[in-house]
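Undergrad: One-letter residues, chain by chain:
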Amino acid sequence: MPDQLLFAMEVTLNGLMAGVLYSLVALGFVLIFKASGIFNYAQGVMALFAALTLVGIQDGQVPFAHLINAIFGTNVHHFGWHVPAVFAIILTLGVMVLFAIIVERYILKHLVNQEPIILFMATIGLAYFMEGFGDLMWGSDIKKLDIGLPQGLNETLESVTYGWWGYGFFIDNLDIAATIVAAILVITLTLFSQYSKTGRALRAVADDHQAALSVGISLRFIWVIVWSIAGFVALVAGVMWGAKSGVQFSLSLIALKALPVLMLGGFTSIPGAIVGGLIIGVGEKLFEFSIGPMIGGATENWFAYMLALLFLVFRPQGLFGDKIIERV
Amino acid sequence: MKLTKLVAAAALAIAAASPALADLVLPSLSYRTGPYAVNGIPVADGFADYLTMLNARDGGIGGVPIKMIECETGYNTEKGVECYEATKGEGALIYSPLSTGITYQLIPKATADGIPVHSMGYGRTSAANGKVFEWIFNYPATYWDGASIAINHILALENNDIKGKKIALVYHNSGYGKEPIRTLEELAKKHGFELSLLPVDHPGQEQKSQWLSIRQQKPDYVLMWGWGVMNPVAIQEAANIRFPMDHFIGIWWSGSENDVLPAGAGSNGYKALALANPGDGYPIMADMKKYVYDAGKSAGAGDQVGTVLYMRGMYQALLSTEAIRKAQEMSGEMNVTPAMVRDGMEALNITEELMAARGMPGFGPAFQVSCANHGGSGIAKIQQWDATTKKWSLVTDWISADRSIIDPLIAEDSEAFAKENNITERACN
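Chains L and V supply the protein sequences, listed in that same order. Heads up: the first sequence runs through residues 1 to 328, numbered per our numbering. Heads up: the second sequence runs through residues 1 to 429, numbered per our numbering.
Think of the hints as simulated: they come from the structure by calculation, not from any bench. Quick caveat, the model's predicted, so the values are computed rather than measured. Do not take every clue at face value.
What the hints assert, rightly or not - Label pairs and their calculated CB-CB ranges: (1) L:Ile-295 with V:Gly-359: 46 to 54 angstroms; (2) L:Pro-293 with V:Asp-303: 25 to 33 angstroms; (3) V:Glu-78 with L:Val-215: 31 to 39 angstroms; (4) L:Ala-8 with V:Arg-426: 53 to 61 angstroms.
Said to hold, decoys possible - Only pairs whose alpha carbons sit at most 25 angstroms apart, straight line, appear in this in silico DSS-like list of lysine-lysine: (5) V:Lys-419 with V:Lys-390; (6) V:Lys-190 with V:Lys-165; (7) V:Lys-391 with L:Lys-144; (8) V:Lys-67 with V:Lys-297; (9) V:Lys-163 with V:Lys-189; (10) L:Lys-144 with V:Lys-390.
Heads up, the beta-carbon is just placed ideally off N, CA and C, and yes, glycines get one too.
Assemble the whole structure, with the sequences as input and the hints as a guide.
TA: Right under this line is the structure:
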């Protein structure tokens, strides 16, 4: 088989894996948009905050240590214990649920029936607040994330492909782990929304707020549930991306990778987020591989948006988005 | 009577609110927030702590207190220019923008305003030509020096023969990252190596394509001009594809602890250029401890002490304050003006004796600035990361850049700049 074809196959595989990571971020946006019509600008910062909290808890870091030391003249930084990864994840989930309750009580409750743009602006404010709050709580130094995820070249795949074609493909073990986690996440979310009472209530709220309220569904409770699930998805995305780069404030920018995925897949579809992520991942990687070197490279950021726009020309609601029909 | 009292009260209030005119004002254009904060914080802390120490120990410079004005740029060029505009009226003596993008924007502004800019080891390389760039300084070394030093190191490893070798440059797709390309192209012609360019878009969180390309092309060496999250991701990806880490060499902005720690054991053996020595085993640190850390006056969280970038911030402050000290000596004035400081920068002679007297013996290179040469000695060392001890160690002594390549490039680029901007070269004797 020609080398270029083998390379293209390797790039496609890696594009699929990268696409899964984009989908993980996009999922959080979809969940909140579907249930409340809010485009949550803070989703990227939620991923950052969740990852910071996880590492902080795991390492036994004293929250707000800088503030405490400045006020009381103390010198505390760590509790001196190390929390096992599983417990740290559970505790972080607790923090994200608490965060969802606070958001509902102090922001969303006061903005019921407001224009979507007002809610969007509120999430912008929330994003900046959380970024500062995360810095104050856990510090802004880079943190190594270690919850035992495999990382590096998958030797089995490399040796198998080498045996077939004389060229071993590179696939990162972390990407494989992310794919498995994403698959479990999507299946769980689908089962939850289709077969649980809360899930059905969630879908009812997504379809029609007023109708859901009239049959006794608590909008406030549903919002807390949705933001909690989005917090959980943010934690998964934060862990996967944080394992690559360490947990640092640039993690909040992963949201930029989700936008073209949402444009392509639609803002209201979980399968759309997955398929959109895969198309964007493969599309940008193949474009960079084949055309990138001819035009100076670094095409991925803008090509993802170009690809999404191209799809929008033919399907303005995205591949799986709901077609909006407004009757006058 | 009432009017007199009112005027007096207003005058007192204005005097209290304004900075004391006698203060030596040094702006710190820092970034403690945003995606590049991880690297911006230690530099800003080191800069601030050194000035705090001088104020506490010596009462400033020549008995005149130093007033540092910190302004958050977020590593954003527009914000950096806003910071410049907001602080220049405070009597700013030297600007150190800590960003090549901001430096490029400040070159015409600071030149017009008559305020010196010191882009220490970054910024526009051809500003090293003081005949054209009267107010801009980039000592002790420039990016083009860095590119040449990296290639000289590779030459030393390869018995001075790199003909036919493949060298890839992974770079931040910005003005900063593109700086070394011209020099590397010239060096490729001279030494016969094959150069491939792999840009990484801001912020650099995702680099799968670039590293797959490296895996497929199999370059002999990879050079990196990265900043912020781009560095640890690149090092992790290099470890993932099992690229030999001792053949992976970063510029001095890709050689901090923040860059290698996230990759853990995978980063072992990674190399980077060193603008100054790693480590903090210098006599000055006793004074820093006494007057700053133990006195509870540390900038930021106080947790960056001794890191490569913290020490670089201190070094930046040292070079700025030495220029002010020189300006005071030359003018006989303690309250120096930006023009006097510019003269001081141009007359700066950083000797080993001076560094020892300041409590940092052997930390940085000895160099002399002049009217024509604003770029310093253009030398650097190579440091290598040991993931077991989590320490950088030096693997070479000072390496010089190839002046036969760099100097004509500087002359060519600065002449083009002078032509575009109708600048007549100064005569330097």
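Undergrad: Next, verify each hint and record whether it holds.
TA: Quick rundown of the hints versus the structure:
1. L:Ile-295 with V:Gly-359: 46 to 54 angstroms: Since Ile-295 (chain L) and Gly-359 (chain V) have Cβ atoms about 52 angstroms apart, the given range 46 to 54 angstroms holds.
2. L:Pro-293 with V:Asp-303: 25 to 33 angstroms: violated (43 angstroms)
3. V:Glu-78 with L:Val-215: 31 to 39 angstroms: violated (51 angstroms)
4. L:Ala-8 with V:Arg-426: 53 to 61 angstroms: holds (56 angstroms)
5. V:Lys-419 with V:Lys-390: violated (49 angstroms)
6. V:Lys-190 with V:Lys-165: holds (13 angstroms)
7. V:Lys-391 with L:Lys-144: The given pair, whose Cα atoms are some 16 angstroms apart, holds under the 25 angstroms limit.
8. V:Lys-67 with V:Lys-297: Holds - the C-alpha atoms of Lys-297 (chain V) and Lys-67 (chain V) are around 14 angstroms apart, at most 25 angstroms.
9. V:Lys-163 with V:Lys-189: Distance ~10 angstroms between Lys-163 (chain V) and Lys-189 (chain V) Cα, so the pair holds.
10. L:Lys-144 with V:Lys-390: Holds. Lys-144 (chain L) to Lys-390 (chain V) sits at ~13 angstroms (cutoff 25 angstroms).
In the structure shown, a violation is registered for the earlier hints numbered 2, 3 and 5, in ascending order.
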